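From first to last, the protein sequence lines stand for chains S and V. Oh and the first sequence: position 54 is 1480 in the working numbering, straight run, nothing missing. Oh and the second sequence: position 11 is 26 in the working numbering, straight run, nothing missing.
Some hints could be false.
Which chain V residues face chain S? A few, computed with CB under 7 Å, are given here [unchecked claim]:
1. Pro58
2. Phe60
3. Glu71
4. Ala125
5. Gly126
Source of the hints: derived by calculation from the structure; they are not laboratory data. This structure is a prediction, so every number in the text was calculated from the model and none was measured. Ideal Cβ positions, reconstructed from N, Cα and C, are used throughout, including at glycine.
Here are the chains, one letter per residue:
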Amino acid sequence: QKEVEQDPGPLSVPEGAIVSLNCTYSNSAFQYFMWYRQYSRKGPELLMYTYSSGNKEDGRFTAQVDKSSKYISLFIRDSQPSDSATYLCAMSANTNAGKSTFGDGTTLTVKP
Amino acid sequence: DTGVSQNPRHKITKRGQNVTFRCDPISEHNRLYWYRQTLGQGPEFLTYFQNEAQLEKSRLLSDRFSAERPKGSFSTLEIQRTEQGDSAMYLCASSLAWGALDKNIQYFGAGTRLSVL
């Protein structure tokens, strides 16, 4: 079983919909939680990061972390066709751990 | 600052040949990471450096793979005797680790896509 599991999708929604993307994890040492967006044949682009549990909002994006349930979410409000991409969750342990562990991504299509 | 730069963007090689990729991190970042990503999968960690020191290597990194960061700036990843299974996107990322400022937030380059024929 992978350390990080991500809802595989694909997910298709109409423009303006609220999108929910989710990941679960098994390693309780994870403290930093990131969401990346990746367009086809491009590198991942950092969208948001959070430390420990709680919510963080940035424009149309909200990241939630529930460490007690080992569950993280990314919400996209008023989704746009330009949001169509693959979304990757990533996590890392303490600052000396170095590597991030990624989910396999959820592909989102927002239809105009 | 132009972000993390990787070259070449695409490399096609024949099985058995050696290939080398280069990564230039964000200038003030002291950590540099290499990941490999195959279609439909998330990036998998290969190795990382803090300055010139290679601090961790994944078991995915076979003896045919070697990475260097000789002056603590750019890094190279070499694959010897390439195999078809090496075909993947090779991603480089960098971050700033400096005491309490270290959030381990990694910024990625566009990747080098390797095709082994």
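Here is what the structure says about each hint:
1. Pro58: Given a least distance of 5 Å, the restraint on proline 58 of chain V holds.
2. Phe60: Check passed: Cβ of phenylalanine 60 of chain V comes within 4 Å of chain S, closer than 7 Å.
3. Glu71: holds (5 Å)
4. Ala125: holds (5 Å)
5. Gly126: holds (5 Å)
Of the numbered hints stated above, none is contradicted by the structure.
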